Every structure is written in C-alpha cells, then in structure tokens.
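Novice: Chains as they are written, first to last, in our numbering: chain A, 1 to 138; chain B, 1 to 138; chain C, 1 to 80; chain D, 1 to 80.
These are computed hints drawn from the structure, not numbers from a lab.
None of the values given here were measured: they were computed from a predicted structure.
A few of these clues could be false.
Cut-off 25 Å, straight-line C-alpha distance, at most; resulting in silico cross-link-like pairs (SDA-like, lysine to any residue) [to be verified]:
#1 34(D) / 43(B)
#2 72(B) / 57(B)
#3 34(C) / 72(A)
#4 45(C) / 32(C)
#5 116(A) / 36(C)
#6 38(A) / 18(C)
#7 116(B) / 5(A)
#8 124(A) / 26(B)
#9 58(A) / 62(C)
#10 5(A) / 70(C)
#11 62(A) / 127(A)
#12 12(C) / 127(A)
#13 62(B) / 56(D)
#14 62(A) / 6(C)
#15 116(B) / 26(D)
#16 58(A) / 41(C)
#17 72(A) / 125(B)
#18 72(B) / 135(A)
#19 116(B) / 30(D)
#20 43(B) / 117(A)
#21 36(C) / 133(A)
#22 45(D) / 118(B)
#23 124(A) / 41(C)
#24 72(A) / 65(B)
#25 116(A) / 18(C)
#26 72(A) / 57(B)
#27 72(B) / 18(A)
#28 38(B) / 71(A)
#29 38(B) / 34(D)
#30 58(A) / 69(A)
#31 43(A) / 18(B)
#32 38(B) / 133(A)
#33 72(A) / 61(B)
#34 116(B) / 26(A)
From chain D, some residues computed to sit far from chain B (all C-beta separations above 10 Å) [unchecked claim]:
#35 9
#36 13
#37 31
#38 35
#39 40
#40 53
Ideal Cβ placement from N, Cα and C applies to all residues, glycine included.
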Amino acid sequence: MIDIKILNEPLDTASCIGNATDAACGGTASFIGVVRDKTDGRKVVRLEYECYESMALKELAKIAAHAVESWKINNIVIHHRVGVLNVGDVAVIIAVGAAHRAAAFDACRYAIDTLKITVPIWKKEVFENGEVWVSPHA
Amino acid sequence: MIDIKILNEPLDTASCIGNATDAACGGTASFIGVVRDKTDGRKVVRLEYECYESMALKELAKIAAHAVESWKINNIVIHHRVGVLNVGDVAVIIAVGAAHRAAAFDACRYAIDTLKITVPIWKKEVFENGEVWVSPHA
Amino acid sequence: MDINILAFGIVKEFFGGPSIALELQGRLTVAGLKEKLEATYPDLKRLRTYMVAVNDEYAEDELVIRPEDEIAIIPPVSGG
Amino acid sequence: MDINILAFGIVKEFFGGPSIALELQGRLTVAGLKEKLEATYPDLKRLRTYMVAVNDEYAEDELVIRPEDEIAIIPPVSGG
Numbered sequence: 001m002i003d004i005k006i007l008n009e010p011l012d013t014a015s016c017i018g019n020a021t022d023a024a025c026g027g028t029a030s031f032i033g034v035v036r037d038k039t040d041g042r043k044v045v046r047l048e049y050e051c052y053e054s055m056a057l058k059e060l061a062k063i064a065a066h067a068v069e070s071w072k073i074n075n076i077v078i079h080h081r082v083g084v085l086n087v088g089d090v091a092v093i094i095a096v097g098a099a100h101r102a103a104a105f106d107a108c109r110y111a112i113d114t115l116k117i118t119v120p121i122w123k124k125e126v127f128e129n130g131e132v133w134v135s136p137h138a
Numbered sequence: 001m002i003d004i005k006i007l008n009e010p011l012d013t014a015s016c017i018g019n020a021t022d023a024a025c026g027g028t029a030s031f032i033g034v035v036r037d038k039t040d041g042r043k044v045v046r047l048e049y050e051c052y053e054s055m056a057l058k059e060l061a062k063i064a065a066h067a068v069e070s071w072k073i074n075n076i077v078i079h080h081r082v083g084v085l086n087v088g089d090v091a092v093i094i095a096v097g098a099a100h101r102a103a104a105f106d107a108c109r110y111a112i113d114t115l116k117i118t119v120p121i122w123k124k125e126v127f128e129n130g131e132v133w134v135s136p137h138a
Numbered sequence: 001m002d003i004n005i006l007a008f009g010i011v012k013e014f015f016g017g018p019s020i021a022l023e024l025q026g027r028l029t030v031a032g033l034k035e036k037l038e039a040t041y042p043d044l045k046r047l048r049t050y051m052v053a054v055n056d057e058y059a060e061d062e063l064v065i066r067p068e069d070e071i072a073i074i075p076p077v078s079g080g
Numbered sequence: 001m002d003i004n005i006l007a008f009g010i011v012k013e014f015f016g017g018p019s020i021a022l023e024l025q026g027r028l029t030v031a032g033l034k035e036k037l038e039a040t041y042p043d044l045k046r047l048r049t050y051m052v053a054v055n056d057e058y059a060e061d062e063l064v065i066r067p068e069d070e071i072a073i074i075p076p077v078s079g080g
C-alpha cells in the first residue's frame, strides 16, 4: 500500500505508522522531521513551508514506487505538511512496514534522503529579526 | 534523555516518539516490531514473551549508553512489552531523536539489531496445533 | 505568444511575485530560457543551482518549450 | 551448599521448571557448571548455543562461581 499526502494541517504520527503496519509486517521503520528551535544558533520563531503541489505529489509517488521496487516492503506512507509550522511541529512523516526490518530501514532512509533532494517543497525560516529561504548545502 | 522500560501492557507508539523528540531534534527515527500473523506459513494464534527482567534492563541500558556514546543523539526510548501478545500487537518500540537524521537512523538500527542478540527476552509462538520457543538463526 | 512561468521559494522574490509572463518567440530550449531569465533577473545566478520543471517534471537543458507547457523555476528544495 | 539456577525460555522445559538447585562442591567455573548441567540435562546440547549469566551479566567460561551469585541459563534470545 502506498499512501502519499501533502497536508495543510497537523500530521498524525500514530496513524501513519499504524497504516504502514499490517499483520504480515514484522517491523515498521519510520522517520519524523520536526521544526527545530535554532538554526546556526539563531532562534527560530516559525517556519513557512511552500510547495509546488502537482509536481511534489508526482515526485513523492516516484520515491514510493522506487522504494517498493527496490526493497521487499509491504507499505509506505509519506505525509508532508505545508503552511505555517511552529517549533516542535512535525513537518514530515515517513513510515515503512516490511516483513524484515532491514528492508524497512533502508527504504525509509532512502525516502527521506531523496525527498530532501527532489521534492519541490521549500521552507522559509522566520527569526526574531528576519527571515530566510533555506538553501541546504548552499 | 534515556528512557528504558519493560512493560506488561500495550505500548504507546506516539508517546514514545514524542518523548524521543525535543525542540533541538531535527528528526526522530523509530522502529516498531509487531507480532506477525504467520511464521513459515503457519498461522500464529498469539505470542508469549518472557524476560529475565533484572538482566534485560541492564542490557537495554548498555545498548542505550553505547548509542549515546557512539552517535550524536539527543534521546533514546526503548520500550519492550512482555506477556501475552496477539497478532498486530506492538512488541517493541525504539525511538531516537537527534539533530541530524543519519545519527538517529544509525543509532535506532544499532539498538534493535543488538537488542535481538543480547537482551534476555524470549518469545513462544503459539500455533493452532502446537507451540514453540523461537530460536532465531537456529 | 506569452508563456507563464511559475516561481517558488526565493525565486518569487527575484520575480517580484509568484509568476511572470514571457513572450515565446520561435524555438526556445530550457537552456535558452535560463539565459533569458538570467539576463532579466541576474539574482538567479546567485543561486547554488536551480532547475526548470516542464509539466511537473525536471527538464533537461535541450528540451524545447511548447506554448502549452507549464513551466516552473525550482530553486534548491528544502522540504522534510 | 546449594546454588539456585534460573531457567528461561526452552530451558525451563529441560529443567522441568523455572529453576533448579545444584550442590556447589569446591571450585566450580562457568565451564564446569555447563558440563555438569549437560550431563544431567542433555537437551541443553541440542541448543545452537546458550550462555550462563552470573549476577545479570553474561559470564566467561573461566569465571569461578561463588555461593552468593545469581546464576541463570540463557538460551538464544528472541525479543523484539
């Protein structure tokens, strides 16, 4: 089962992990990305996530399809939140259920690593005295 | 923060992941192990987990301490359930929060891999027509 | 004929809004589009890298743009 | 003097219960204990492997058992 969503509301960690897990799964690996309180020592007030939704959904679907082709996994759930997020809010959840845990871990890690490179979502960090579009590895 | 528990009641995935995550974490990697419905094609009715509690808690503490020494992680939560479990029940949760996701994934995977080798917990699989103590890699 | 070019992230600031219109004259490749845009919006060259998406797919430099295509400028992504 | 030996998992079935008492005579190492137990409970030799824990720690074969030690037989674990 593949479940991909871009949502403008809080993500539900427990239900994502539950949906990735079925009676044929021995284990579910998951990753949640949360809004950190500081970047390079500067206090983050909030984050604004923007996305190019039609393309982002396509790129997420490619990641899920490639994960299913490459590892023996039963289910993959990828939910990404957009809009205004506060410190501690969950921005992304990836959960992968598989009969064997190595496949679940590998696919989960592949999915988050690739998402951060290919999926057209951008975040702007808002500090007390300014804001900046995040450009990783700049 | 290190949080290790052996519990005789259902585990709470969301609160374990929540507890592993704090405002300084960029990501939390987690693993949940669930009771599968089949082993080698035989239908599992239920599982019975037994543990040598005093030693299991010591071994779990060693795993957590080694994870904290080896990777830059902020928090590690390991909860293992014992007693009678049904198909789909969560037997173990490991959640690791870190500033950077590679450390969280590596520590989480190390923890579950090592738990399955060193921690004195045993499961008996109960089938419709018999039961067997599980001996992995036998 | 005008084509519409979508901007995201910091590129919205370079363009002064979420999209611009560009006159499509003759044959234009993705590489040609980039050159044109960089001439008008030199801030684009400040980016570490950026991609052009055509119809929701990352496009190669050689791709020829058609009037009906949906074009978007994709600065380095930062999701997750 | 008797020492108490805890059994877990399948070893409970070999011992016929969760623990047995064993008379400690003279110097006994972990290796010596294993030999003694295997003579009385040959099923132990059917296990792929098993460990002896002394005071909640996996013990080396050379360790000498003291009367006050807590001893447990640890068949291959299967948690998780």
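Novice: State for each hint whether it applies.
Specialist: To see whether the hints hold, each was checked on the structure:
Distance restraint check for residue 34(D) and residue 43(B): the Cα-Cα separation of roughly 36 Å exceeds the 25 Å cut-off, and the hinted pair is therefore not satisfied. A distance of roughly 23 Å separates the Cα atoms of residue 72(B) and residue 57(B); the hinted pair therefore holds under the 25 Å criterion. Between the alpha carbons of residue 34(C) and residue 72(A) the distance comes to roughly 41 Å, so the proposed pair goes past 25 Å and is violated. A distance of roughly 14 Å separates the Cα atoms of residue 45(C) and residue 32(C); the hinted pair therefore holds under the 25 Å criterion.
For the given pair, residue 116(A) sits about 29 Å from residue 36(C) by alpha-carbon distance, which is inconsistent with the 25 Å threshold. In summary, the hint linking residue 38(A) to residue 18(C) is not supported, as the alpha carbons are separated by about 28 Å, beyond the 25 Å threshold. Of the supplied pair hints, the one linking residue 116(B) and residue 5(A) is violated, its CA atoms being roughly 34 Å apart against a limit of 25 Å. In summary, the hint linking residue 124(A) to residue 26(B) is supported, as the alpha carbons are separated by about 15 Å, within the 25 Å threshold.
Note on residue 58(A) and residue 62(C): the hinted pairing holds, with a Cα-Cα distance of about 22 Å set against a maximum of 25 Å. Between residue 5(A) and residue 70(C) the alpha-carbon distance is near 22 Å, which keeps this suggested pair within the 25 Å criterion. With a C-alpha separation of about 34 Å, the suggested pair residue 62(A) and residue 127(A) falls outside the 25 Å cut-off, and the hint is violated. The suggested pairing of residue 12(C) with residue 127(A) holds, with an alpha-carbon distance near 20 Å, which does not exceed 25 Å.
For the given pair, residue 62(B) sits about 12 Å from residue 56(D) by alpha-carbon distance, which is consistent with the 25 Å threshold. Proposed proximity of residue 62(A) and residue 6(C) is supported: the alpha carbons are some 22 Å apart, at most 25 Å. The straight-line distance between the Cα atoms of residue 116(B) and residue 26(D) is roughly 36 Å, outside the 25 Å bound, and the hint therefore fails. Among the hinted pairs, residue 58(A) with residue 41(C) is inconsistent with the structure: their alpha-carbon atoms are about 29 Å apart, more than 25 Å.
Pair hint residue 72(A) plus residue 125(B) holds up; C-alpha atoms about 24 Å apart against a cutoff of 25 Å. For the suggested pair residue 72(B) and residue 135(A), the alpha carbons sit about 23 Å apart, so the restraint of at most 25 Å is met. Taking the CA atoms of residue 116(B) and residue 30(D), the gap is about 24 Å. The hint holds against a cut of 25 Å. For the hint linking residue 43(B) to residue 117(A), the alpha-carbon distance of about 42 Å lies beyond 25 Å, and the restraint is violated.
For a cut-off of 25 Å, the pair hint linking residue 36(C) to residue 133(A) stands: about 24 Å separates their Cα positions. A threshold of 25 Å between alpha carbons decides the hint, and for residue 45(D) with residue 118(B) the separation of about 20 Å falls inside it, so the pair holds. For the given pair, residue 124(A) sits about 21 Å from residue 41(C) by alpha-carbon distance, which is consistent with the 25 Å threshold. Among the hinted pairs, residue 72(A) with residue 65(B) is inconsistent with the structure: their alpha-carbon atoms are about 32 Å apart, more than 25 Å.
In summary, the hint linking residue 116(A) to residue 18(C) is supported, as the alpha carbons are separated by about 22 Å, within the 25 Å threshold. Between residue 72(A) and residue 57(B), the direct Cα distance comes to roughly 33 Å. Violation of the 25 Å bound is thereby established for this hinted pair. A hinted pair counts as satisfied when its Cα atoms are at most 25 Å apart, and residue 72(B) with residue 18(A) does not qualify at roughly 28 Å. For the hint linking residue 38(B) to residue 71(A), the alpha-carbon distance of about 20 Å falls within 25 Å, and the restraint holds.
The suggested pairing of residue 38(B) with residue 34(D) is violated, with an alpha-carbon distance near 35 Å, which exceeds 25 Å. For the hint linking residue 58(A) to residue 69(A), the alpha-carbon distance of about 16 Å falls within 25 Å, and the restraint holds. At most 25 Å may separate the alpha-carbon atoms for a hinted pair to count; residue 43(A) and residue 18(B) meet this at roughly 21 Å. Pair hint residue 38(B) plus residue 133(A) does not hold up; C-alpha atoms about 49 Å apart against a cutoff of 25 Å.
For the given pair, residue 72(A) sits about 32 Å from residue 61(B) by alpha-carbon distance, which is inconsistent with the 25 Å threshold. The straight-line distance between the Cα atoms of residue 116(B) and residue 26(A) is roughly 13 Å, inside the 25 Å bound, and the hint therefore holds. For residue 9(D), the requirement that its beta carbon stay farther than 10 Å from each beta carbon of chain B is not met, with the minimum near 4 Å. With a cut of 10 Å on Cβ distances, residue 13(D) falls inside the contact zone with chain B, its closest approach being about 8 Å.
Here residue 31(D) stays apart from chain B, with its beta-carbon at least about 20 Å from theirs, past the 10 Å limit. The Cβ of residue 35(D) sits about 22 Å from the closest Cβ of chain B, beyond the 10 Å cut-off, so the non-interface label holds. With a closest Cβ-Cβ approach of about 20 Å to chain B, residue 40(D) is found to remain outside the 10 Å limit, as its non-interface label requires. For residue 53(D), the condition that its CB be more than 10 Å from all CB atoms of chain B is violated, with the nearest at approximately 6 Å.
Taken one by one, the earlier hints fail for this structure at numbers 1, 3, 5, 6, 7, 11, 15, 16, 20, 24, 26, 27, 29, 32, 33, 35, 36 and 40, listed in ascending order.
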